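Trainee: So the protein lines, in turn, are chains C and S. If you use my numbering, the first sequence corresponds to residues 113 to 226, in order. If you use my numbering, the second sequence corresponds to residues 538 to 648, in order.
Honestly, the hints are just simulated from the structure, not real lab data. This structure is a prediction, so every number in the text was calculated from the model and none was measured. Built from N, CA and C at the ideal position, the CB exists for glycine as well. Honestly, I wouldn't trust all of these hints.
Far from chain S by the CB rule (all over 10 Å, computed), these chain C residues [stated by the list, open to error]:
id, residue
1, M139
2, P173
3, Y176
4, L181
5, S192
6, Q215
7, G218
Derived lysine-lysine pairs resembling PhoX-like cross-links, with alpha carbons at most 25 Å apart [to be verified]:
id, chain 1, residue 1, chain 2, residue 2
8, S, K540, C, K169
9, S, K635, S, K589
10, S, K540, S, K589
11, S, K635, C, K169
12, S, K635, C, K183
13, C, K183, C, K121
14, S, K635, S, K540
Take a look at the letters that make up each chain.
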Amino acid sequence: NAGVTQTPKFQVLKTGQSMTLQCAQDMNHNSMYWYRQDPGMGLRLIYYSASEGTTDKGEVPNGYNVSRLNKREFSLRLESAAPSQTSVYFCASRASGSSYNEQFFGPGTRLTVL
Amino acid sequence: DAKTTQPPSMDCAEGRAANLPCNHSTISGNEYVYWYRQIHSQGPQYIIHGLKNNETNEMASLIITEDRKSSTLILPHATLRDTAVYYCIVRVALGFQKLVFGTGTRLLVSP
Numbered sequence: 113n114a115g116v117t118q119t120p121k122f123q124v125l126k127t128g129q130s131m132t133l134q135c136a137q138d139m140n141h142n143s144m145y146w147y148r149q150d151p152g153m154g155l156r157l158i159y160y161s162a163s164e165g166t167t168d169k170g171e172v173p174n175g176y177n178v179s180r181l182n183k184r185e186f187s188l189r190l191e192s193a194a195p196s197q198t199s200v201y202f203c204a205s206r207a208s209g210s211s212y213n214e215q216f217f218g219p220g221t222r223l224t225v226l
Numbered sequence: 538d539a540k541t542t543q544p545p546s547m548d549c550a551e552g553r554a555a556n557l558p559c560n561h562s563t564i565s566g567n568e569y570v571y572w573y574r575q576i577h578s579q580g581p582q583y584i585i586h587g588l589k590n591n592e593t594n595e596m597a598s599l600i601i602t603e604d605r606k607s608s609t610l611i612l613p614h615a616t617l618r619d620t621a622v623y624y625c626i627v628r629v630a631l632g633f634q635k636l637v638f639g640t641g642t643r644l645l646v647s648p
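Next comes chain S alone, as it looks inside the complex (with noise of 0.2 Å):
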């Protein structure tokens, strides 16, 4: 599995957009870039996942570069309720599958 690196915490002011970036410089081809998010005592809750294009739901935006050596998660108006910790994963999409969680970025955003 392809390792991450993420940063260990990240502030945000709420209404501006939260990046959260992620390193994954050994992905391979058909490795799929997943993020999840754990707030305070709560169980992990799935937010996006992409390949090779960027995607956008209704939670978030997931860029990844050309070379899918990294992304970022983008929370486009971060509110007190995204305070939360922040996990990129690197996963084949097909098959049975274990989520393999490394620390995660712990995304602070203040009034």
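Excised from the complex, chain C in its bound form (with noise of 0.2 Å):
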């Protein structure tokens, strides 16, 4: 099992321009989540997946959009980048009924708008 992947690892926008972020997991995982981390700070939750065809605002949700493609895939797509959004954007995966909250995350994309 690859666990959680995410593409592409690095990315330089300039400021106005769109890209998708990738994530797959295979690990059957109901739920699927998207995180920044900004330098020296905790994780942010950006927007989340409770199940396939249902996606919910996290804390800071503007400026991005997700699409939960089908059960292994979540995109993050910004549609017009800000220097705001220079990040280190992970992606996680959850199994439901889980008597816990073990998260696994992916090796995030660390992403620069100039």
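Got two chains here, separate frames each, mind docking them using the hints?
Mentor: See below:
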């Protein structure tokens, strides 16, 4: 099992450009999440998907959109990138019905917006 | 959600036990204590969780006080690879979960 994979690993954008961050998991998990982590800070939740076909806003959703393409894949889109979106983005997944809250995280995408 | 308070940084000598404290004085009866860690540049990794009993797994031990207002994560024999930021999170166990990460404790294990 690859676990949670994210592409790309690194990306540099110019202000106003758009891009989509991809996330996939092969653990048959129902719930998926997107977090961002700014330097010296903890993770902040951007969007989440409790199950296939549903998505909801987290703490910092402005400037982002998401798509739960199927059970495996959950993408994060920046329509018009801004320097404030320079961050490391982590995707995570969790099995529903789990009696505890273990989330499995991907390796992250390091995004710089100039 | 119960808030947590952790020291910003701690040091530990390699081979010694690392004891990382967490205060969660507003914890509710149905909330669990979870610990995650984040090794530099990697995604967070689950370590352990508990409700009120002490817990142990292959990575660490979790000691929760009787009043549940604080807990301690113990790494019994810290190695250099345990250098990381450790996050204490309090959440209910069932239903859909959104983890709320604070700034954690930066543990530095030195030779």
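Trainee: Hint by hint, say whether it matches the structure.
Mentor: Quick rundown of the hints versus the structure:
no., hint, verdict
1, M139, "holds, 13 Å"
2, P173, "holds, 12 Å"
3, Y176, "holds, 16 Å"
4, L181, "holds, 19 Å"
5, S192, "holds, 26 Å"
6, Q215, "violated, 6 Å"
7, G218, "violated, 5 Å"
8, S:K540 - C:K169, "holds, 21 Å"
9, S:K635 - S:K589, "holds, 21 Å"
10, S:K540 - S:K589, "holds, 17 Å"
11, S:K635 - C:K169, "holds, 11 Å"
12, S:K635 - C:K183, "holds, 18 Å"
13, C:K183 - C:K121, "holds, 22 Å"
14, S:K635 - S:K540, "holds, 14 Å"
The earlier numbered hints that this structure contradicts are 6, 7.
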